[in-house]
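Undergrad: Required output: the full structure, derived from the provided sequences and hints.
These protein sequence lines map, in sequence, to chains A and B.
This note's numbering numbers the first residue of the first sequence as 1 and each following residue consecutively.
This note's numbering numbers the first residue of the second sequence as 1001 and each following residue consecutively.
Note that these hints are calculated values from the structure, not bench results.
Accuracy of the hints is not assured; some may be wrong.
The list that follows gives simulated cross-link-like pairs (lysine-lysine, DSS-like), each with its CA atoms no further than 30 Å apart [as the list claims (entries may be wrong)]: (1) A:140 <-> B:1030; (2) A:414 <-> B:1010; (3) A:387 <-> B:1060; (4) A:247 <-> B:1060; (5) A:85 <-> B:1079; (6) A:98 <-> B:1079; (7) B:1085 <-> A:98; (8) A:376 <-> B:1060; (9) A:303 <-> B:1030; (10) B:1079 <-> A:337; (11) B:1070 <-> A:98; (12) B:1030 <-> A:414; (13) B:1030 <-> A:410; (14) A:85 <-> B:1070; (15) B:1060 <-> A:386; (16) A:337 <-> B:1060; (17) B:1079 <-> A:376; (18) A:395 <-> A:414.
Computed Cβ-Cβ distance ranges for the label pairs, DEER-style [what the hints assert, rightly or not]: (19) A:34 <-> B:1040: 50 to 56 Å; (20) A:300 <-> B:1077: 49 to 55 Å; (21) B:1043 <-> A:368: 16 to 22 Å; (22) A:139 <-> B:1034: 27 to 33 Å; (23) B:1061 <-> A:368: 24 to 30 Å; (24) B:1077 <-> A:63: 38 to 44 Å; (25) A:445 <-> B:1077: 47 to 53 Å; (26) B:1061 <-> A:139: 41 to 47 Å.
Using N, Cα and C, we set each Cβ at its ideal position, and we do this for glycine too.
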Amino acid sequence: MSLLDQKVSHLQGLLHKKEIKVSDLIDESYKRINQVDDKIKAFLTLNEENARTQAASLDDKLTSGEELGALFGMPIGIKDNIVTKNLRTTCGSRILEKFDPVYDATAIQNLHNAGTITIGKLNMDEFGMGSSNENSAFQKTLNPWNLEYVPGGSSGGSAAAVAAGEVLFSLGSDTGGSIRQPAAFCGVVGLKPTYGRVSRFGLVAFASSLEQIGPITRTVEDNAFLLETLAGLDPMDSTSANVPVPKYTESLTGDIKGLKIGVPKEYIGEGVSPESRDSVLEALKVLEKLGATWEEVSLPHSKYALSAYYLLSSSEASANLARFDGVRYGYRTDNAKNLIEMYKNTRAEGFGDEVKRRIMLGTFALSSGYYDAYYKKAQQVRTLIKKDFEDVFEKFDVIIGPTAPTPAFKLGEKTTDPLTMYANDILTIPVNLAGVPGISVPCGFAGGLPLGLQIIGRHFDESTVYRVAHAFEQATSFHKEKPDM
Amino acid sequence: MSRISEDQVKHVANLARLAITEEETETLTKELDAIIAFAEELNELNTENVEPTSHVLDIKNVLREDQAEKGLPITEVLKNAPDSKDGHIRVPSIMD
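TA: What follows is the structure, given as structure tokens:
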């Protein structure tokens, strides 16, 4: 058994007892990457030399008996849209192919303070726009469970690396499902925190009102550990919330007696595959045995979430991506006679098709004469969707459904029509629009591919989400299955 | 009836500072038309008197003390600039 199959709490024990060294963990990580990454192609950039230097210096700390951080020596992979000082950060885009950040994101600083070691940067759909990793400008990450299938996206590299045992855990980001859907497709645990829970400073912006950085791990316990480090107010992000950060690991009691679960009929009805639905119904039986009760509920505006999401996220993207103009950083065209031409050709040559499509949609939705009909309308529908959740949470502690309507799909299966690809996110998008937290935990297999159970909680109630996820995980054995690589 | 014309697509591309070829104009017109047609399902909903949500947190106008802080050194600022000279970023001529 690899050291990287162990939980953080166990590894910390081994380190403190000096049974292993930090360097052992780092060796293990790069050894595994050498074995499997030419198959799954999760990493875009490795940080090997720095990681080994850092490991050696942490090992010195270990012998000198200094105080150690909560995640001391833990090898982590980082999605490539979170900036890392002096470590190339591409967002999966040609336009940032050679971008070398001059500072660390707050999430990265928090991790470093806790003692993690960054192993490398992980592949993603360009700027987070995609659900399969096929929109990366550099490579297509493959699903460790079956190399003919996609790992999901946009944090596909982050989920695949954890599933394949290349790192202990990773960071992803989630704008419309980009942590939860790949976590489901790869059979790992992924949490999108409440909007405002984790600082977005240093997360390259796609849709600022929707996205959050969050942890992808093999167990719920590790996930809770990681969020304790990531969460909190940050003066550098005016949308980070001034809400105390609880000890999430203390909520993992296994006790869910009396818990009230709402199961939206929209999440187990039309458009959801039988295997995804059945795995959720089986999961509900497990939770019932543990003392929870469930009832069918309705989130009546779910059907409209996809449209509202694409209008809002693309509008925000069109504004956020205006910064890529070939002036201060990133790619610049050689082909320009004047400044305006330089902007236009830089962007035409630097962005991929999906990114251009969304910039166009967003610019259109925000343009004079269409703003009220599209952008404002979508914001109003967002209010209705948010209220759907508030209504259900008046009577229920959590909402449960599948994470995605199907298990992972084949490479190339959904690339011809953008709308088919978008429809894959119907069960995760409403959660971002409402700003509530949601987790995906492994809940079964279909044709050898993992399925994910989505557990959604009230604003800032990650504790309950974790408690339910952990109780379910401990009562089942899906999380113990590993891809045969 | 199509919801967006090729001329509109060219206009939007200009607003977005994105050079597009004739072929891309054609494809984008079709694709945007399909996406916008799909999004018009929102018109089924009556949103009269519904406040728009721009973000979900109950916070606005977060300010800090107006104290000067040190910025990045100029070498760092210019590190990623495609073209720079004498501490400035250089761009092609603004007027022809």
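Undergrad: Give a verdict on every hint.
TA: Cross-check of the supplied hints:
1. A:140 <-> B:1030: holds, 27 Å
2. A:414 <-> B:1010: holds, 27 Å
3. A:387 <-> B:1060: Distance ~20 Å between residue 387 of chain A and residue 1060 of chain B Cα, so the pair holds.
4. A:247 <-> B:1060: With a Cα-Cα distance of about 28 Å, the restraint between residue 247 of chain A and residue 1060 of chain B holds, given a limit of 30 Å.
5. A:85 <-> B:1079: holds, 12 Å
6. A:98 <-> B:1079: holds, 11 Å
7. B:1085 <-> A:98: With a Cα-Cα distance of about 20 Å, the restraint between residue 1085 of chain B and residue 98 of chain A holds, given a limit of 30 Å.
8. A:376 <-> B:1060: Holds: residue 376 of chain A and residue 1060 of chain B sit about 19 Å apart, inside 30 Å.
9. A:303 <-> B:1030: This hinted pair holds, its Cα atoms lying about 23 Å apart.
10. B:1079 <-> A:337: Satisfied, since the Cα-Cα distance of roughly 24 Å is no more than 30 Å.
11. B:1070 <-> A:98: Holds. Residue 1070 of chain B to residue 98 of chain A sits at ~26 Å (cutoff 30 Å).
12. B:1030 <-> A:414: holds, 18 Å
13. B:1030 <-> A:410: Judged against 30 Å, a Cα distance of about 26 Å means the pair holds.
14. A:85 <-> B:1070: Given that 30 Å is the threshold and the Cα spacing comes to 18 Å, the pair holds.
15. B:1060 <-> A:386: holds, 18 Å
16. A:337 <-> B:1060: violated, 43 Å
17. B:1079 <-> A:376: Violated: residue 1079 of chain B and residue 376 of chain A sit about 39 Å apart, past 30 Å.
18. A:395 <-> A:414: It is violated: about 38 Å lies between the C-alpha atoms, which goes past 30 Å.
19. A:34 <-> B:1040: 50 to 56 Å: Since residue 34 of chain A and residue 1040 of chain B have Cβ atoms about 51 Å apart, the given range 50 to 56 Å holds.
20. A:300 <-> B:1077: 49 to 55 Å: holds, 50 Å
21. B:1043 <-> A:368: 16 to 22 Å: The hinted range 16 to 22 Å holds for residue 1043 of chain B and residue 368 of chain A, with Cβ atoms some 20 Å apart.
22. A:139 <-> B:1034: 27 to 33 Å: With a Cβ separation near 29 Å, residue 139 of chain A and residue 1034 of chain B satisfy 27 to 33 Å, so the hint holds.
23. B:1061 <-> A:368: 24 to 30 Å: holds, 27 Å
24. B:1077 <-> A:63: 38 to 44 Å: For residue 1077 of chain B and residue 63 of chain A the Cβ distance comes to about 40 Å; the hint holds.
25. A:445 <-> B:1077: 47 to 53 Å: Given range 47 to 53 Å: holds, Cβ gap about 51 Å.
26. B:1061 <-> A:139: 41 to 47 Å: holds, 43 Å
Hints 16, 17, 18, counting from the list given before, are not met by this structure.
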